[in-house]
Amino acid sequence: MQQLNKRPESLLDVPMHYCPGCGHGIVHRLVAEVMDELGIRNRTIGVAPVGCAVFADTYFNCDMIQGPHGRGPAEATGIKRSNPEAIVFSYQGDGDLASIGMAEIVHAAIRSENITIIFINNAIYGMTGGQMAPTTLIGQKATTCIEGRTVKQAGYPIKMSEMLSTVDGAMYIERVSVHSAPNVMKAKAAIKKAFQNQVEGKGFSLVEVLSMCPTNWGTKASNPAEATKFVAESMVPVYPLGVYKDAGAAKK
Numbered sequence: 023m024q025q026l027n028k029r030p031e032s033l034l035d036v037p038m039h040y041c042p043g044c045g046h047g048i049v050h051r052l053v054a055e056v057m058d059e060l061g062i063r064n065r066t067i068g069v070a071p072v073g074c075a076v077f078a079d080t081y082f083n084c085d086m087i088q089g090p091h092g093r094g095p096a097e098a099t100g101i102k103r104s105n106p107e108a109i110v111f112s113y114q115g116d117g118d119l120a121s122i123g124m125a126e127i128v129h130a131a132i133r134s135e136n137i138t139i140i141f142i143n144n145a146i147y148g149m150t151g152g153q154m155a156p157t158t159l160i161g162q163k164a165t166t167c168i169e170g171r172t173v174k175q176a177g178y179p180i181k182m183s184e185m186l187s188t189v190d191g192a193m194y195i196e197r198v199s200v201h202s203a204p205n206v207m208k209a210k211a212a213i214k215k216a217f218q219n220q221v222e223g224k225g226f227s228l229v230e231v232l233s234m235c236p237t238n239w240g241t242k243a244s245n246p247a248e249a250t251k252f253v254a255e256s257m258v259p260v261y262p263l264g265v266y267k268d269a270g271a272a273k274k
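Converting from the sequence shown to the working numbering requires adding 22 to each position, the first position being numbered 1.
None of these hints come from the bench; they were simulated from the model.
Keep in mind that a hint or two might mislead.
Unchecked claim - Label pairs and their calculated CB-CB ranges: (1) D85 <-> E59: 16 to 22 Å; (2) E255 <-> T150: 22 to 28 Å; (3) E248 <-> D35: 29 to 35 Å; (4) V76 <-> A211: 26 to 32 Å; (5) D85 <-> G223: 35 to 41 Å; (6) Q25 <-> V258: 19 to 25 Å; (7) I132 <-> E222: 18 to 24 Å.
Stated by the list, open to error - Restricting the straight-line Cα-Cα distance to at most 25 Å, the calculated cross-link-like pairs of lysine-lysine (DSS-like) are: (8) K251 <-> K208; (9) K174 <-> K163; (10) K28 <-> K251; (11) K224 <-> K181; (12) K215 <-> K181; (13) K208 <-> K28; (14) K163 <-> K215; (15) K224 <-> K251; (16) K215 <-> K174; (17) K251 <-> K163; (18) K208 <-> K181; (19) K214 <-> K224; (20) K208 <-> K224; (21) K214 <-> K28.
Only a predicted model underlies this, so the values are computations on that prediction, with no experimental measurement involved.
For glycine and all other residues, C-beta sits at the position ideal for the given N, C-alpha and C.
Generate coordinates for the entire structure from the input sequences, incorporating the hints supplied.
Below, the structure is given as structure tokens:
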């Protein structure tokens, strides 16, 4: 019998802790598939975040490190500069990257560090129980804004891809999603490009991934099937998908 699919070598054969319908497991597989296809697993070092993906170091079959909340880009910078031949990625959530880690991500982009950032945007703090995040939508309810986020109280959602695309040192910025099969395929292509850019020494690359959080959205979207509709109908209009910057393409 012909085998049509298998677990990537860059992903360990262990149960994941993610909630049913969460997008993290999908993105983990995409990153692992890309490492396999590019043949970079043996020289890849990943930085695990503090957040829902805190156990990423037990899932990826490559060297991993974990540090303080939000400091992934700084850790990745130190690793890359001390070992330029390594392929280094930082895997971060929206609270990790867009809140406590805002300075680290912006300055890594300003310096055009030759690293790859995988940024998961599910519009909520997942691990700690569903508090409002920097990316929470206007009107979206959370445990810290039970009547919904308002502009007057919390300001507007932070659009990281749009903001980072204005930084001269950012070489490649794209926002994708994993709420449907076609979008998963596009997400993989973006992640592969971000890693390939690092292999070629092009500089800072970030892929923002819109993802589902059925457990903590606390609405009808708490159903995993409905959660994909929430991404498509509520998140994508606020966070449009697409390439926000591709400096390499612009030079051609």
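These are the hints, each one checked on the structure:
1. The hinted range of 16 to 22 Å is satisfied by D85 and E59, whose Cβ atoms lie roughly 19 Å apart.
2. The hinted window of 22 to 28 Å between E255 and T150 holds, with their beta carbons roughly 26 Å apart.
3. Against the hinted window of 29 to 35 Å, the Cβ-Cβ separation of E248 and D35 comes to about 31 Å, which satisfies the hint.
4. Taking the beta carbon of each, V76 and A211 are about 27 Å apart, inside 26 to 32 Å as hinted.
5. Range check, D85 to G223: about 20 Å between beta-carbon atoms, so the 35 to 41 Å window is missed.
6. For Q25 and V258, the hinted distance range of 19 to 25 Å is not satisfied, since their beta carbons lie about 35 Å from each other.
7. Look at I132 against E222: about 21 Å separates their beta carbons, and that is inside 18 to 24 Å.
8. The straight-line distance between the Cα atoms of K251 and K208 is roughly 18 Å, inside the 25 Å bound, and the hint therefore holds.
9. About 15 Å separates the Cα atoms of K174 and K163, which keeps this hinted pair within 25 Å; it holds.
10. A C-alpha spacing of about 28 Å is found between K28 and K251, which places the hinted pair above 25 Å, so the restraint is violated.
11. Only pairs whose Cα atoms come within 25 Å are accepted, and K224 paired with K181 is accepted, the gap being roughly 24 Å.
12. At most 25 Å may separate the alpha-carbon atoms for a hinted pair to count; K215 and K181 meet this at roughly 21 Å.
13. The straight-line distance between the Cα atoms of K208 and K28 is roughly 20 Å, inside the 25 Å bound, and the hint therefore holds.
14. Between K163 and K215 the CA atoms are separated by roughly 35 Å; this puts the pair beyond 25 Å, and the hint is violated.
15. Of the pairs offered as hints, the one joining K224 and K251 is violated, with about 36 Å between alpha carbons and a cut-off of 25 Å exceeded.
16. Between the alpha carbons of K215 and K174 the distance comes to roughly 39 Å, so the proposed pair goes past 25 Å and is violated.
17. Distance check on the hinted pair: K251 and K163 sit about 17 Å apart at the alpha-carbon level, within 25 Å; holds.
18. The straight-line distance between the Cα atoms of K208 and K181 is roughly 20 Å, inside the 25 Å bound, and the hint therefore holds.
19. Of the supplied pair hints, the one linking K214 and K224 holds, its CA atoms being roughly 14 Å apart against a limit of 25 Å.
20. Only pairs whose Cα atoms come within 25 Å are accepted, and K208 paired with K224 is accepted, the gap being roughly 21 Å.
21. Between the alpha carbons of K214 and K28 the distance comes to roughly 19 Å, so the proposed pair stays at or under 25 Å and holds.
In this structure, the earlier hints numbered 5, 6, 10, 14, 15, 16 are contradicted, and the remaining ones agree with it.
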